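Use the sequences and the hints to build the structure in full.
4 protein chains.
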Amino acid sequence: MAGVPTDFAQRIATMPPAPQRAFSSDNAAGAHPAVMDAIVAANVGHAVAYGSDRWTAEVQGRFRDMFGQSTEAYLVWNGTGANVMALATMVRPADFVLCTEWAHIAVDETGAPERALGAKILTAPAPEAKLHPDQIDALARYQGDMHHAQPGVVSITQSTELGTVYSPDEVAAICDSAHRLGMVVHMDGARLANATAALGGTVAAMHSFTIDAGVDVLSFGGTKAGLAGGEAVIFLNRALAERAIYVRKQVNQLPSKMRFVAAQFLALLDEDRWIRLAEHSNAMCRHLYQLTADIPSVVHQGTPVVNSLFPSVPAEAIKPLQDWSFFWDWDVTRSQVRWMTAWDTTTDDVEQFAAGLRHLLA
Amino acid sequence: MAGVPTDFAQRIATMPPAPQRAFSSDNAAGAHPAVMDAIVAANVGHAVAYGSDRWTAEVQGRFRDMFGQSTEAYLVWNGTGANVMALATMVRPADFVLCTEWAHIAVDETGAPERALGAKILTAPAPEAKLHPDQIDALARYQGDMHHAQPGVVSITQSTELGTVYSPDEVAAICDSAHRLGMVVHMDGARLANATAALGGTVAAMHSFTIDAGVDVLSFGGTKAGLAGGEAVIFLNRALAERAIYVRKQVNQLPSKMRFVAAQFLALLDEDRWIRLAEHSNAMCRHLYQLTADIPSVVHQGTPVVNSLFPSVPAEAIKPLQDWSFFWDWDVTRSQVRWMTAWDTTTDDVEQFAAGLRHLLA
Amino acid sequence: MAGVPTDFAQRIATMPPAPQRAFSSDNAAGAHPAVMDAIVAANVGHAVAYGSDRWTAEVQGRFRDMFGQSTEAYLVWNGTGANVMALATMVRPADFVLCTEWAHIAVDETGAPERALGAKILTAPAPEAKLHPDQIDALARYQGDMHHAQPGVVSITQSTELGTVYSPDEVAAICDSAHRLGMVVHMDGARLANATAALGGTVAAMHSFTIDAGVDVLSFGGTKAGLAGGEAVIFLNRALAERAIYVRKQVNQLPSKMRFVAAQFLALLDEDRWIRLAEHSNAMCRHLYQLTADIPSVVHQGTPVVNSLFPSVPAEAIKPLQDWSFFWDWDVTRSQVRWMTAWDTTTDDVEQFAAGLRHLLA
Amino acid sequence: MAGVPTDFAQRIATMPPAPQRAFSSDNAAGAHPAVMDAIVAANVGHAVAYGSDRWTAEVQGRFRDMFGQSTEAYLVWNGTGANVMALATMVRPADFVLCTEWAHIAVDETGAPERALGAKILTAPAPEAKLHPDQIDALARYQGDMHHAQPGVVSITQSTELGTVYSPDEVAAICDSAHRLGMVVHMDGARLANATAALGGTVAAMHSFTIDAGVDVLSFGGTKAGLAGGEAVIFLNRALAERAIYVRKQVNQLPSKMRFVAAQFLALLDEDRWIRLAEHSNAMCRHLYQLTADIPSVVHQGTPVVNSLFPSVPAEAIKPLQDWSFFWDWDVTRSQVRWMTAWDTTTDDVEQFAAGLRHLLA
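Protein chains in written order, with this note's numbering: chain Z, 1 to 362; chain H, 1 to 362; chain V, 1 to 362; chain F, 1 to 362.
Please keep in mind that the hints were generated in silico from the structure rather than gathered at the bench. Note that the structure is a prediction, hence the values are computed from the model and not measured. Wrong hints could be hidden among the right ones.
Residues from chain Z that face chain V, not an exhaustive set, calculated with beta carbons under 7 Å [stated by the list, open to error]:
{"id": "1", "residue": "P93"}
{"id": "2", "residue": "R243"}
{"id": "3", "residue": "I245"}
{"id": "4", "residue": "Y246"}
{"id": "5", "residue": "V247"}
{"id": "6", "residue": "K249"}
{"id": "7", "residue": "Q250"}
Chain V regions said to be covered by chain Z (calculated; three or more residues, Cβ under 8 Å) [said to hold, decoys possible]:
{"id": "8", "stretch": "85-93"}
{"id": "9", "stretch": "140-151"}
{"id": "10", "stretch": "245-259"}
Glycine included, each C-beta is placed from N, C-alpha and C at the ideal position.
Here you go:
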């Protein structure tokens, strides 16, 4: 990798203006204006709490229209909560959950799944954060072994924690392998919108890698897609929803004034806004990639598929760049960082960030 | 108790207009306009997620100003979550939590505490939903008994689930008994505002039955006090906060875009709005009591202290009244119901509800 | 109650010889000689661990012969473990377990069930430690209430912690009520042998209040019945055994060199030894009752049914008596104590203990 | 690797006599005669249950004599239970436990730790089943990260699941790294005796890699060392024992008639019998290695250190050999198996087993 220029210190001192919005995370963005309008509009009079309000009824209907009349949607607070609630309806006694070594449930949830489930989260190596059906097939050796936790749930993330996506066929192959072993499949869709945008940009495209592929329970991301806060757990396999209404409360995920979460989702689902916003976010990421791909000391991992880049940059440049426009480290041993776009990232933001990189490093 | 009038059926058919806001629950109300304005105002640009935003910093400062510089405040999603998070920082291995038989944590949280804590919730008889220090003192018999879970935490609710309040001296006596046994004290303050309004209506009054009385950890209610959604866990005993930041995430209570919860709290704390709104709610409850106390078939439990009434009414009248303006049953074996005012209940609401009761029953 | 004699101090100083075996507990007794012989005999050569040995196969066959070919027996270490393992196969997510306020699982297991199950243990008032079907029927009000843990398991103890027994009809009525609500029934039979002895003294009698009455899972007590250590969990409802083999290991109840537990059970089941020993123990208890019933200051609760007495004695006499021949306090507020016979209690023991009581108090 | 001889089928048909004791596992062996004698001798009269008996008092004294007066020993049922109890006293809320990918607690306990602890078990790659201090140092990156479970406990196994041992210096380095991060160290000593035999064969040698090296809590193995059943949890760091007596019961590990476990341990500790038996077992393993090292198609992993060999043998030979004298597969993808000696393995057993291997394969 190329190093920093010889006049590096001087360049730091003369950085161009930073972008208005940094590239730290898609959850640094606020709520889309239509979502905020929906919150305000829902603040009228009284509504029975815990989901017996008209907004929740409407959003449940919308999700049934989207996924099928035999599916069920449950609104919850946040991503970790959605995943924990989903898994808590799926694990049987002594089951384990298989996911990749990068999975949010394994790495980024402070052990919440283990605490709530009392179950083992087994991680599989996955350089691209994607599970392979062979890794599920290999679990057959544990079946019936009383000394080992039993294969119960496969959890995959779409799009993944490394910005990759599973194709519909890949998800289907995973579901086939899992179902052959009597396992059920959870999809962590905290960034389902970005994956949908990348894989066709339609609800039908989303169907192809969720319900049509055999996914049983889906965490449908709202917060990163443009909400102020809110996620949905979608039971594509209704049998697993039998205890869902109790489990949601039991894992602290039952919003009291639920209309405010429901109204947000209505605005997000309107006009496929969740897909449109993710398309924009993905496009901004590609734009940032294109504007920086020729800087020798910025080494990308390849063309971005969704809304994140994981480039390596000269180690000495990381701190000055973060001070100028904040982003997160990824792997300090490789001086790798993460740049992430959001639904509200603008072309100006991208161009100003790229200009700063070029100023400092090119 | 008096029965229904002889022309009951005809009266049902000719009910006057129902109040605009029913008396079902304080969480049926929306958010106060100032709170909603604060949410909208916080929706500007990017802010680092998970609490590293300026709104959260400000609200933490406000809580420190309120409770003392050595206290710590953690924002969370909801009431069950606040209680579970608080207790999870307080129980040691093999401890139990003592509360009354009416406690929200024991009765209304679907076993969330047992699931998250893996600990016993021991309930004590309490006709008025108030724990007595003697009931704590009696736990000494369990200390050192290896066959019994150990006295760890006392959890009391202020105001209680039955609309009563503990005086500052009563809380202090409970804390003294608990601390003598090496136990720590949690206060579920989902309706702390109503208790504060009832006990003096000042922050100093609130201090008298929380930090000054020896409470260790406080669930500071926001949702029922006028937020769209949000609670705070206040560590008055900072030593217990050592693992709080991790435990919050682990029990699914870490809001991602936390600025939207923080901004709400800032609006609620401004000008002691939380107390002012609760004073109004309590006053509306007293007004409803006064307007209905002379209806022979409406048998009150006494003058309300906070914002709830638990009257018995003729059994045949319950369904028609609920159809007219919804409220919840309380104890069907005694034809007892619950009427609850909220921060936004109006005099008109009260008078119309009372007029309907009088029309039907007087 | 009569007090102590005026020459009490002198009587203390001149107590007759204490019995060789005290009346503290049936788990103070050792193993029956036939059981010990079986342990020694099983210590031959190698045997595959974890239950793949011929002793375990044989004992499983014996239990199938006893309860039916579609039942399954699992050997475990101890009583708390047996109960926890049984319940862990029975609770669904968000379920609670109903038992009496005296239940071993609620009072004497240091919260082990809550820890292992993450589930609420709900206790019902029961002056005689016996649950009533009405208390189960009343749980219907919780069904479908998302804010309350759901009725899942009823756990009863036979014979009870207070030395009472359920008749076959009483157990059947409990099972009927539970099954009507979709609940399943666990019986804690740590002293199943004593109950069997009291209710007919045959395997058929035991059937009448277990499998024939509708019990789903049975903790079959071994330790108190004459083993050095060992219990069995019997799945009378085989569907509940689906995950049993994994759950046993998961709750630390899989004996490695299982032959040593199995061999003990073989000796205990031989010639219905478990019933014969319990008949003896029960008879010794009746004998002690008869020899002390006329001492005015020893106030019995009635004729004993199984192997325990809970008399009140003068408070001043408790400590001197315990120093002479140890037993446990029961309820110090009533100067109530517990005397318990075991499989090896002799007539001499009983007569010497009674003589001491008479010397001191009569 | 060499294949099977051309007359393989004929050789199968003419195998020499199988050894009396197979090489399947050290827990296939029974109890040492002195241990069995101790069980029988302890079966005299009554003894107060749950550890208030003279045998338990004596064994606790022996362990204090062995490890120091400020240490505490708790007797438990089995290895999984010992580990779970130890860890349950060591983890704080939101902590994780680090161990190797081969650790018994991670692989062979059916998720018991996750269930009892509600905590993450994090596994590190370890080709020889030995953790390296660098792998602990690297955990510093998680400290203070609210999204990640926190470094709490390091658990190492001595001797390891792959038959390797840590030197005293290696354990000390691990403890130093752990303590620097505020972590505590657990040692799973299910085969502590074999490690002790391999590292000097004295109590002082054992001290060098346990208490002197900084280990905080030790699972002291009894079952595999020659007991019928029983383990001990030794708190070398007494502060961690504060809740031990309650936690033991809570995780189902409190033996009722504890004298029978205590008496076994007394016999095992007498004359350092646990070390002498392990020396014999280790020696038998070396003998088996020596007698088979020159068979070309038996590919050893190196000279054994303790009592297990993990050779690769021709795949076609595994089943015929197991049918002749049973042992377990280890890694079928490499036709690797495990041969394990026990305290009672004889020279004849070894020679007959080696003769069979030679007959079939050489």
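Going through the hints against the structure:
| no. | hint | result |
| --- | --- | --- |
| 1 | P93 | holds, 5 Å |
| 2 | R243 | holds, 5 Å |
| 3 | I245 | holds, 5 Å |
| 4 | Y246 | holds, 4 Å |
| 5 | V247 | holds, 5 Å |
| 6 | K249 | holds, 5 Å |
| 7 | Q250 | holds, 5 Å |
| 8 | 85-93 | holds (count 4) |
| 9 | 140-151 | holds (count 4) |
| 10 | 245-259 | holds (count 7) |
Violated hints: none; the structure is consistent with every hint.
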